[in-house]
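Based on the hints, put chains B and C in the right spot on chain A.
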Amino acid sequence: MDWVNTIVQGVLLGGLYAMFATGLSLMFGIMRLVNIAHGDFIVLASYLALVVVTSLGLSPLISLVIVVPLMFVIGYVLQRYLLNKTLGDDILPPLLVTFGMSIILQNVLLEVFSADSQKLSAGALDIASITVSDQLSVGVMPLIVFISGVAIVGGLQFLFYKTELGRAFRATSDDQDTARLMGVNNSHIFALAMAIAMAVVAIAGVFLAMRTNFDPTVGPARLLYGFEAVIIGGLGSLWGTLAGGIILGVAQAVGAQIDPGWQIMTGHIVFLVILIFRPRGLFPRSVD
Amino acid sequence: MSKLKIQNLTAGYGDFQALFGIDLELNAKETVAIIGSNGAGKSTFMRSIAGLLKNTPDAVQFKGENIGDLPANKVVEKGIALVPEGRRLFPSLSVEENLLMGAYSKRKGPWNLNRIYELFPILKEKRNNPGTALSGGQQQMVAIGRALMSNPELLLCDEISLGLAPTTVKDIYKAFPAIQEDGTTVLVVEQDINQAMAVSDRIYCFQEGRVSLEGKPGEVSKDDIKAAYFGM
Amino acid sequence: MNTQMKTEQFSVVRNTTTSRGAAVVTAMILIALISVPFWAGRADLRMIIEFAYYLSLAQMWNLLAGYAGLVSIGQQAFVGLGGYMLFVLAIYFNVPPIMAVFLSGLIVALFAIPTALTVFRLRGAYFAIGTWVVAEVYRLGFAQVTTLGGGSGQSLPASIVREIGSGRSEREMIIYFTALFIAVASIGLVYWLLRSKHGLSLTAIRDSEAASDSLGVDIFKTKLAVYVISAGITGVVGALIFLQKLRISPDAAFNLQDWTAAVIFIVVIGGIGTIEGPIIGTLIYFILRGVLADYGSVYMIVLGVVAVVMMLKAPQGVWGFLSKKYDLHLFPVHRRLKAKDELE
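Chains as they are written, first to last, in my numbering: chain A, 892 to 1179; chain B, 564 to 795; chain C, 8 to 351.
Isolated chain A, as found in the complex (with noise of 0.2 Å):
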């Protein structure tokens, strides 16, 4: 059966858009910032696994192990020194700056990189799949995302809400006057759940180089796709997110089996259906 075949292949989709997904959860979840310059962090990721892979000669799974700690940095410093200085009552500057910061980071990889498209080849992994049924076979890479896009989740479920950390990224979140006066330095915790983040957008960014092809401009629909897995799956709630991200897929490849010039459209028609009907989301935290 051909849908039988969709329906799997969107769900695997789906673990890549939920982990696109997470980060933006994250961020507003913990210091109420929407990144619009999300997406173009994935791409940035992707570029600096290939610089990696293509400079020290490393397999792409691999050049997780730099570029991972790689951007947990620039996520603390980027927040520490220059978003954190944006926050407060008013929404516009952390959304101006973010914006700013996306056309500028689209431009700069535009004048390094050139427009070319680029992918990161995993070798014989690339086309490596498992055969459940005659009709029914599964890509070993797309496999190896989606179990990741899950395993995120689940450990930043788990960071949340059963460590120390998690336990002051909600308490800052919930009251960052008090959470300061329990010794919490909020520059810094903001600056770590922004770290976390971007070490999520890492992996996303090198698993994105690796299923397609990328360039310097893929970022903005990158964001679409983890703003509206996070919108669908209701906000603050990461499980929700993750079926956010799988409905997302599901839609896309469903969109994709019609026609292929469909795929994109029908997963931002869901969305919006969804967003008039259930604008809360399907799975909303019920505190809130």
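If you're looking for bench data, these hints aren't it; they were derived computationally from the structure.
Incorrect hints may have been included.
[As the list claims (entries may be wrong)] Each computed EDC-like pair below joins lysine to aspartate or glutamate, with the alpha-carbon atoms no more than 20 Å apart:
hint	chain 1	residue 1	chain 2	residue 2
1	B	Lys737	B	Glu681
2	B	Lys733	B	Glu744
3	B	Lys779	B	Asp755
4	B	Lys641	A	Asp1068
5	B	Lys617	A	Asp1068
6	B	Lys637	B	Asp621
7	B	Lys669	A	Glu1055
8	B	Lys669	A	Asp1068
9	C	Lys230	A	Asp981
10	B	Lys671	B	Glu659
11	B	Lys671	A	Glu1055
12	B	Lys617	A	Asp1066
13	B	Lys671	B	Glu716
14	B	Lys637	A	Glu1055
15	B	Lys779	B	Glu588
16	A	Lys1053	B	Glu659
17	B	Lys637	A	Asp1066
18	B	Lys592	B	Glu628
19	B	Lys669	B	Glu640
20	B	Lys637	A	Asp1068
21	C	Lys252	C	Glu179
22	B	Lys789	B	Glu771
23	B	Lys566	B	Asp632
24	C	Lys252	C	Glu170
25	B	Lys687	B	Glu659
26	B	Lys568	B	Asp632
27	B	Lys671	B	Glu744
28	C	Lys320	A	Asp980
29	B	Lys626	B	Glu716
30	C	Lys320	A	Asp981
Frame of chain A, contents of chains B and C only:
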């Protein structure tokens, strides 16, 4: 030697000045109460000491060290904890998580979860509830417990009886001897004058951002307090 | 009695000496601009046309973000829609091109209503991204319409081009005056809106939604009206842009960098929440672009960096800085209290 010495402390919000040169001294192991009407600057004073409002370094001296310009997260590491006005529990954290947040600064000392649960047994029962699902009095116990979890040498309590039934207030103040026993210095802001007199070694009265009276509960007369409190 | 005496010594004024001087200067600039096509070269004319439509786009984005608190990063939706409506009206309904430009705006305004009802479900920064999703839907949608050239787009047929004017210079002059009219009209519209009682409700909403709600300002209606008006004018500008370009494609029509990013930078650099800001910002944009013309996309990087630094260090923009320093108000929309003896 004094534990806390406040010298010429001024504070305000934007153009509005709330405190005009406060001088105040606290000795070790002492319990002092600040009374005064609404808008006298009591909460602003507590927030200033706790580091939520910035000051000149020498406006606040703690154990001889200038800490007036430290941010709140550093002040708590020095050993000063504030029970903020309105309790301010973290709504998305459970009772126990709220208490554990209090220990974030990792100061060593006699207080831990078990001792807080001994002090307020009801909290142990409700430890997995969201902090904000508790009654007002129980929430106040969480707020006090949370502050104690940082093992403070100086505990600041801002209006802990506000909005609570008299019997509840009594229950909360019952915990004070245990706190004082450990040698903790306590500074309370209290609108209830009788309660303030009962619990403290000395009192200060604030009026319109200035100290209008200072004395021992037994030595100041009702008329003195009336005058200092209402400016009559 | 005494207090009444006191209140009589003050009066509420909006015009200032500088604003009256500015009115004279504005009139002179306008006369100069009207004379331009009769003596200037084609390149100059083209640049002023472009200046006019960027200025109009900037005024409209500023009306949304600076006054109504609706930060949209999807205005390219309405530029592109306007452009496509022009092509549809001119090619399939034989509407004369210049009339089609304005009619396109009306249709775009109609499209903006369901758009608003959808994106208004999102707040703040999420509203911004939502508007972007909608713009993408329009872009992908038009790429599927094969009669309009699909993904590769189409050119305006020569017969229609001739309808604008018989000769090239005549066409350019007509487009020039249309552009000039639109720019002046959009400034005029914002000025009029802000001086009317709607202006007060807008400012109230921007400053505090909760407070204005409790004071009986219908937030939803006001925001919807502003969104639809600004979409309509943005659509008119879009139609004009593609009437000048004579060719349209989804990627050009719904381009984020050209029609929204540049416009946002213009407003942020010039001064958000003022009428003068977009004018100054557009000037700075054209100067930067001219100076960096030989360096590809570098001007966008520079523009972005300037806008980010501005947002962090001087969020009130160049005009905000100047007007504060020299107490300048060219378009007085604020009511100011003045003592009687200060008045002439």
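Status of each hint after checking the structure:
1. B:Lys737 / B:Glu681: holds, 13 Å
2. B:Lys733 / B:Glu744: holds, 18 Å
3. B:Lys779 / B:Asp755: Roughly 16 Å separates the two Cα atoms, so the pair holds.
4. B:Lys641 / A:Asp1068: holds, 18 Å
5. B:Lys617 / A:Asp1068: holds, 13 Å
6. B:Lys637 / B:Asp621: Judged against 20 Å, a Cα distance of about 16 Å means the pair holds.
7. B:Lys669 / A:Glu1055: Roughly 12 Å between the alpha carbons, so the hint for Lys669 of chain B and Glu1055 of chain A holds.
8. B:Lys669 / A:Asp1068: holds, 19 Å
9. C:Lys230 / A:Asp981: holds, 18 Å
10. B:Lys671 / B:Glu659: Cα-Cα ~19 Å, so holds.
11. B:Lys671 / A:Glu1055: holds, 17 Å
12. B:Lys617 / A:Asp1066: holds, 19 Å
13. B:Lys671 / B:Glu716: Within the cut-off at roughly 11 Å; holds.
14. B:Lys637 / A:Glu1055: Answer holds: Lys637 of chain B to Glu1055 of chain A is near 19 Å, not above 20 Å.
15. B:Lys779 / B:Glu588: Holds, at about 13 Å.
16. A:Lys1053 / B:Glu659: holds, 12 Å
17. B:Lys637 / A:Asp1066: holds, 17 Å
18. B:Lys592 / B:Glu628: holds, 18 Å
19. B:Lys669 / B:Glu640: holds, 8 Å
20. B:Lys637 / A:Asp1068: holds, 13 Å
21. C:Lys252 / C:Glu179: holds, 11 Å
22. B:Lys789 / B:Glu771: holds, 14 Å
23. B:Lys566 / B:Asp632: holds, 17 Å
24. C:Lys252 / C:Glu170: Roughly 15 Å separates the two Cα atoms, so the pair holds.
25. B:Lys687 / B:Glu659: Cα-Cα ~8 Å, so holds.
26. B:Lys568 / B:Asp632: With a Cα-Cα distance of about 14 Å, the restraint between Lys568 of chain B and Asp632 of chain B holds, given a limit of 20 Å.
27. B:Lys671 / B:Glu744: Cα-Cα ~17 Å, so holds.
28. C:Lys320 / A:Asp980: Distance ~17 Å between Lys320 of chain C and Asp980 of chain A Cα, so the pair holds.
29. B:Lys626 / B:Glu716: holds, 10 Å
30. C:Lys320 / A:Asp981: holds, 15 Å
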